[in-house]
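S.K.: Per numbering that gives the first Met the number 0, the very first residue in the sequence shown carries number 0; after that it's consecutive.
Source of the hints: derived by calculation from the structure; they are not laboratory data. Where hints are given, some of them may not hold.
30 Å max Cα-Cα, derived DSSO-like pairs, lysine-lysine [unchecked claim]:
{"id": "1", "residue 1": "Lys153", "residue 2": "Lys255"}
{"id": "2", "residue 1": "Lys163", "residue 2": "Lys103"}
{"id": "3", "residue 1": "Lys153", "residue 2": "Lys134"}
{"id": "4", "residue 1": "Lys250", "residue 2": "Lys326"}
{"id": "5", "residue 1": "Lys308", "residue 2": "Lys274"}
{"id": "6", "residue 1": "Lys153", "residue 2": "Lys211"}
{"id": "7", "residue 1": "Lys119", "residue 2": "Lys204"}
{"id": "8", "residue 1": "Lys250", "residue 2": "Lys82"}
{"id": "9", "residue 1": "Lys297", "residue 2": "Lys211"}
{"id": "10", "residue 1": "Lys226", "residue 2": "Lys119"}
{"id": "11", "residue 1": "Lys211", "residue 2": "Lys158"}
{"id": "12", "residue 1": "Lys338", "residue 2": "Lys250"}
{"id": "13", "residue 1": "Lys134", "residue 2": "Lys204"}
Simulated DEER-style distance windows between Cβ atoms [to be verified]:
{"id": "14", "residue 1": "Leu126", "residue 2": "Val78", "range": "15 to 25 Å"}
{"id": "15", "residue 1": "Pro51", "residue 2": "Gln22", "range": "19 to 29 Å"}
{"id": "16", "residue 1": "Leu128", "residue 2": "Thr192", "range": "21 to 31 Å"}
Backbone N, C-alpha and C define an ideal beta-carbon position, used for all residues, glycine too.
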Amino acid sequence: MILNTNDHRPMILAVDDSVENLQVLAALLKDDYRVKIAKSGAKAIELAKQHPHPDLILMDVVMPGMNGFEACEILKNDVHTQKIPIIFLTALNDVADETTGLQKGGSDFIAKPINPDIVKARINVHLALQAERRKTETLLKVLLPDAVISDLIKNGSHKPEIHKNVSILFCDFIDFTGITTQLSPEVLIAELTDIYGHFDEICEKHGATRIKTIGDAYMAATGLSSKNNDHAIKLVNAGLDFISFLNERNKVAQQKWRCRIGIHSGSVIAGIIGKTRFIYDIIGVDVNIASRVESVGKNMAVTITEATKNLLNSNYFFQSIGVTSLKGAGDMPLFVVEKK
């Protein structure tokens, strides 16, 4: 079946060994969804693994060869398909059968003969739940490293870790206090929401994790999810993109925003802090240094320490701004970095 790639309706995979049943389902769903069909459990697995993955599967149970329960179990054990909701449509209506279906990973169980309104209602419920789950995952990926998300899902907790090779970024807006006196609360929050939203997108693009925002301060880090030594490159590129975004935004926006960005590389302790209202945070001497670098950095520029500079390659220009005394860290050479 050839699908229109410009059709963005949810995709439903209907699985049944009865051609007549598949025709009924296709007719029922075609106006609201894209529909794929499979006549066996094995074919269902094959189609479910293909891109784009279906958004939901309607699965018959009693089929020749591999039955629906077996197909469901295989799909739920595959990382690429385990999150696809599966609704069983079956003539089996015993409580034990329904229990088995749910234990195998099914999301719902509808007895045949089907009621079209009930089928559509159940589909809409599970697609809505799936959409909310994806929104939550997208948000978590901005706020938490992948390893932390995985631990929270599997174990409900995450043990603090020492990360010895990370880069930390602080971004602060210039004259924020003055700006806040000129804008209404609604406009101020809208401005910050827009800017931080774009910063989040830039972080995601470069594999950085937004740690937190505190008023006009934005904090991000790289190296928390991987052991590669490109964490400084990724974060410097993100910082430079922050500056580019603000420059472009200032050309058309009524309110002009300017910032300072400081980056330092070193080690941190990272973990979940809090019990009822938790946040993922990083602490340590090198976090404090990154904050100090931002506070003495150049306006609308990315200022870095020598530790970060030594991790970059020949694709950058460095302008020394001299040795600067940083509170709690002593004298340190600092540099403004730009791409060649």
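S.K.: For every hint, state whether the structure bears it out.
M.R.: How the hints compare with the structure:
| no. | hint | result |
| --- | --- | --- |
| 1 | Lys153 - Lys255 | violated, 44 Å |
| 2 | Lys163 - Lys103 | violated, 42 Å |
| 3 | Lys153 - Lys134 | holds, 19 Å |
| 4 | Lys250 - Lys326 | violated, 36 Å |
| 5 | Lys308 - Lys274 | violated, 38 Å |
| 6 | Lys153 - Lys211 | holds, 24 Å |
| 7 | Lys119 - Lys204 | violated, 37 Å |
| 8 | Lys250 - Lys82 | violated, 43 Å |
| 9 | Lys297 - Lys211 | holds, 22 Å |
| 10 | Lys226 - Lys119 | violated, 46 Å |
| 11 | Lys211 - Lys158 | holds, 19 Å |
| 12 | Lys338 - Lys250 | holds, 22 Å |
| 13 | Lys134 - Lys204 | holds, 17 Å |
| 14 | Leu126 - Val78: 15 to 25 Å | holds, 21 Å |
| 15 | Pro51 - Gln22: 19 to 29 Å | holds, 23 Å |
| 16 | Leu128 - Thr192: 21 to 31 Å | holds, 26 Å |
Hints 1, 2, 4, 5, 7, 8, 10, counting from the list given before, are not met by this structure.
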